[in-house]
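Could you build all of it, start to finish, from the sequences and the hints given here?
In the order they appear, the protein sequences are chains G and Z.
Here the first sequence stands for residues 1 to 491, numbered as in our numbering.
Here the second sequence stands for residues 1 to 491, numbered as in our numbering.
Rather than coming from a laboratory, the hints here were simulated on the basis of the structure.
Please note that the accuracy of each hint is not assured.
Note that identical chains are pooled: a pair holds if it fits in a single copy or bridges any two copies.
To be verified - Think about it this way: if two alpha-carbon atoms lie no more than 25 Å apart in a straight line, the pair counts; the simulated DSS-like pairs of lysine-lysine are:
id : residue 1 : residue 2
1  : K97       : K10
2  : K203      : K35
3  : K35       : K448
4  : K176      : K448
5  : K488      : K185
6  : K109      : K10
7  : K488      : K94
8  : K2        : K73
9  : K462      : K7
10 : K448      : K462
11 : K203      : K363
12 : K185      : K97
13 : K2        : K488
Number of protein chains: 2
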Amino acid sequence: MKESFEKLQKHLERSAALGVAMGLFYWDGDTLAPKEASEYTAKVLAILSAEQFDIMMGETTRELLAACEQEEKPSEEEEAILRVIHRQFENLEKIPKDDFARFQELTTKAHVVWREAKEKNDYALFAPTLQEILDMSRKFASLRVKEGQAPYDVLLNDCEEGFTMDILDPFFAKMKEEIVPLLRKVQENPVPKLPVHSCPLDKQRAFNCTLATYIGFDFNRGAIGETEHPFSDALHTHDVRIATHYYEDNPESGLFSTIHEAGHSIYEQQINPAYNLTPLGGGGSCALHESQSRFYENMIGRRPSFWKPLYASMQEAMPEAFEKISLEEFLREINRAEASLVRTEADELTYSLHILVRYELEKQLFSGELTVEQLPEAWNAKYKEYLDVVPPTDTEGVLQDVHWSSGSFGYFPSYALGSAIAAQIFACMQKQMPVDQQLEEGNLQPVKDFLREHIHRWGKVKTTRQLLLETTGEDFNPQYYIDYLKEKFGR
Amino acid sequence: MKESFEKLQKHLERSAALGVAMGLFYWDGDTLAPKEASEYTAKVLAILSAEQFDIMMGETTRELLAACEQEEKPSEEEEAILRVIHRQFENLEKIPKDDFARFQELTTKAHVVWREAKEKNDYALFAPTLQEILDMSRKFASLRVKEGQAPYDVLLNDCEEGFTMDILDPFFAKMKEEIVPLLRKVQENPVPKLPVHSCPLDKQRAFNCTLATYIGFDFNRGAIGETEHPFSDALHTHDVRIATHYYEDNPESGLFSTIHEAGHSIYEQQINPAYNLTPLGGGGSCALHESQSRFYENMIGRRPSFWKPLYASMQEAMPEAFEKISLEEFLREINRAEASLVRTEADELTYSLHILVRYELEKQLFSGELTVEQLPEAWNAKYKEYLDVVPPTDTEGVLQDVHWSSGSFGYFPSYALGSAIAAQIFACMQKQMPVDQQLEEGNLQPVKDFLREHIHRWGKVKTTRQLLLETTGEDFNPQYYIDYLKEKFGR
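Shown next as structure tokens:
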């Protein structure tokens, strides 16, 4: 690496180390930290993030960056470093430092408020905090708009470069046009749900660890914990955490949360460790990350060939739930499509409609068309329109997701993009190797290797589009996803 | 607070926030972090501690400190701030910054090496790392010695101001003179051990949570986890963690680890929260901290009056272990003295002899009289001499404690001092209120209130000796401890 880049790296790893610390607080706050810690911990996080801000946005970074830009023939990695840092600058340079710290403090506290509001089904408890978060997010976005740009587009672009409303509006329009009628058809001839089959939590915990290992999660470099809303959190390639959730009377929920989060985590574990504590560390865009979790959850985790070699051992590990259920019944259950209330519990077919609701609501919140006060009502109306269900409580409605409490506006669309990217990669993978045969042999390694080689190892070196082009030979193409859903659920 | 102190506080809370982050990494590393994380996490910690070093030891701190020292009529708290910072300066100002960071990295890694060596009973695996830690600790201490001072005294003084070898040598000589013969007598008429009584870990977990709550640990401001070597870790007054350890065939071990660590944690939870993120936050000296954990463990936790109202519910919660054991048998068991191998499992009588061994070995390691290679043999010889037992493995011998892997030389004596301070405080408390009667009524609140009022709430505002003088009316006096042991075990 060139000397100027080495200096920049040495300088920026201080910011990266603070990022790792904040990542640990995030994990801990959601899995273990006591209830009353948040007030003081929020102060700590505000100070740490102000430190990080100072390092990232300070004169030294600018000077070192300028020196790096003078270098001739930068390597691919060096160019990527410049690209990533420029995006961070763009993200932060217009935000007043104090506001930035205040926002960190606000979202740390908001998380606790949201949790309590969700527990108590009390939207009014969360509304004032949500209003503050929305106001600050809108303010930040407004400070950053380029000529003629809508504030919401700024946030969309943060998550997935270039995927702003001019791309997403037609993408979701297509979903609405193709998937809502497809769901109506499915709803006319519903596949019956299996009767409730419960399993003690301890047995679920044990089998989910086995399952995570089976698909390729490395416990020597990771851990598993529990939370309300599953997530994964990478400190670095050698410490990646899965937070999952088990329900006694719904063991499938835990299984697919675990597979989904393991997908995120395998991605992080397979990034080149040389990128740890550099701007290239961590996975690529939100959508790319989601594509990997959905790849494991849906493309792999719902396939008959995946369960064939595994099902008997699951029956043995959780007999209370599965000994009376045949493999065929289980497969029918996990591939059943049915409109439901909760996004994280949604099936493949209806998932994108849950996202559609959030996308439209976020657009309206940002344009001012909708107020925070009106949000629950608007939420319920859209669920009625697209999914033909109405949440009986806000807990199962507008309060279900963690995202808004952490100020993550513009993130939801990447779930839908992620599904589409997963479908595109899977179509390509199937052309190159006998995936079903490998899965039937209980061999998950070729899939993991394929993803490492083409996607994971690159960290942030290549953009999502670059990776798609190099892996599949074409740019992002949502048609694979539409075809996949129509083929699977149109039968 | 005066303006100069406010500026100093604003500056130093950056260092305090980094300290909280490192506290979380410490907790996490010992309870959850995956095995292979340590290499990269050590880098992160090295960077964070270098940041902290820069803030603490930088020009800004010195300038602000000088301004504060010009202030007239500082308050008691302001004076304490100056005292605490001067002690930190004294501790750090002569250590080269790079060495300091290297030491952090070394001890983070060493912790993992020690754990593995202990698991495998392989001292040779740990020895080279221990040598490095010893060399660096000795180097740091040598850089800091004042005229004629021994390096080991520097470290003793870090833990407990003023308690250097000239005080500790006679203290331990007295212990050796009075306690070794007392133990010999006890060994002549041993109280028989109860037969093994096992209890499933889940039931132990559940009851230990109940127990921690019973004695006053607040789970709204704390959490409990598991580790090899129990410890407690305070992020701030509203987030204090207990890491305990359960053995299926020795439920008493878990009980007393929990009570001990809860003692540390109640201390931290009762400090004035206004001191969070200031130099006055956190408990006082090591010995004072140990006095609080031993107070709960021994003075309270082994009393008949403590168990009378509690024992039946423990029998119900862990019937496998206790339904066939009467309260009298249980009390005899937990107050039995018997020479054993492992410090953390030691009874009140032999505990100080375990410390005596470590004190003498540390002195010899620092003077060069003893090499790291000779350490296991010397360890075993001293156990033979004082306790009349010989460890069959290094796992139960020289590898049992975590302290040396974290570079904590000079810490062990504070355990013995802590016991002595606990006995002194208890003698005073008994004169002021009917402790046994309160305990029999299941009312732990008066004890907790007494300790908050006299000790806990002060954080680092007052020194240990000041607190002892103000609480008990006299300076440190180890005679209470000797009397207590002779009275209890001499019968």
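Comparing the hints with the structure gives:
1. K97 - K10: both (23 Å within a copy, 16 Å between copies)
2. K203 - K35: Intra 27 Å, inter 24 Å, cutoff 25 Å: inter-copy only.
3. K35 - K448: between (38 Å within a copy, 22 Å between copies)
4. K176 - K448: So K176 and K448 fail the 25 Å test inside a copy (33 Å) and across (63 Å) alike.
5. K488 - K185: For K488 and K185, the Cα distance is within 25 Å only inside one copy (13 Å; across copies 82 Å).
6. K109 - K10: Classified as between: cross-chain Cα gap 21 Å, same-chain 33 Å, threshold 25 Å.
7. K488 - K94: Answer is neither: 47 Å inside a copy and 70 Å across each miss the 25 Å cutoff.
8. K2 - K73: Within one copy only: 10 Å inside a chain, 56 Å across chains, cut-off 25 Å.
9. K462 - K7: within (22 Å within a copy, 45 Å between copies)
10. K448 - K462: within (19 Å within a copy, 59 Å between copies)
11. K203 - K363: neither (43 Å within a copy, 51 Å between copies)
12. K185 - K97: neither (52 Å within a copy, 69 Å between copies)
13. K2 - K488: neither (51 Å within a copy, 71 Å between copies)
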